[in-house]
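Colleague: Sequence:
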Amino acid sequence: IAGVDLIITLGGDGTLLRAARFAAVPGIPILGVNLGKLGFLCDMGPDNVLGDMPAYLDGHSEVEERLMLEMHHVRGQRAVSSGHALNDVVVGHASISSIIRIHASINGNPLTTFAADGVIVATPSGSTAYSFAAGGPIVHPADQHLLLTPISPHKPRFGSVVVPANAVISLRVESAALVVMSVDGEPETPVEDGDVIEVRESPYRTRLLRKDSERYFFKALRETLKYGLEP
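Under my numbering, think of the first position of the sequence shown as 2, with each following residue one higher.
Please note that a few of the clues may not be correct.
Per label pair, the in silico range of CB-to-CB distance [to be verified]: (1) 60 to 98: 50 to 60 Å; (2) 36 to 227: 19 to 29 Å; (3) 136 to 224: 16 to 26 Å.
Hints in this document: simulated from the structure, not taken from any laboratory. Just so it is clear, CB atoms sit at the ideal spot from N, CA and C, and this is done for glycine as well.
Using the sequences provided together with the hints, build the complete structure.
Modeller: Given below as structure tokens:
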């Protein structure tokens, strides 16, 4: 895709997340057209797409850069896999009948051991996705922090931890049951007992084409997440 000026995605947030993986390295902007149910990351709705498109292409828009994650999966001294994510990296059990233990550290400093269904490391963009559903805070997408959120922890007082973007989050898995990892909702990959998942800020950014970034975020909170509205 070298030389491409713009990527237009037709679908939901999942479609845009997949495009972000290969658009980030060459730095190609993405314009999302929402044909899905949520479309929190997409800037355009399905109505009047052809009529609205010229405004984006004629310079009446801006490029919003979103922080991404870089993940390294290590087993012993061997690198298993690596990848980049716009939303989150999730490590969790593959069976609903068991919990797992995840030893978390920040910049080499032990934080805690989560006995939980799993943990989520999220960007500000991902704060409104799985992390939010697991009880994590909503973070403005322009913010430069990473979120560590446990999924159904055995001790409910364990809430999210917010750390600077330049922090390195290390997760060591302890489990006799099958554990899996998913990066931005992609197909799960197996994680073995003793494996370490290291997550840090990616050197790449997802570049989203927007008409009004600030207005869009709060509009999406109201209309998509129904934030602050009575159920």
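Colleague: Tell me, which hint numbers fail for this structure?
Modeller: none
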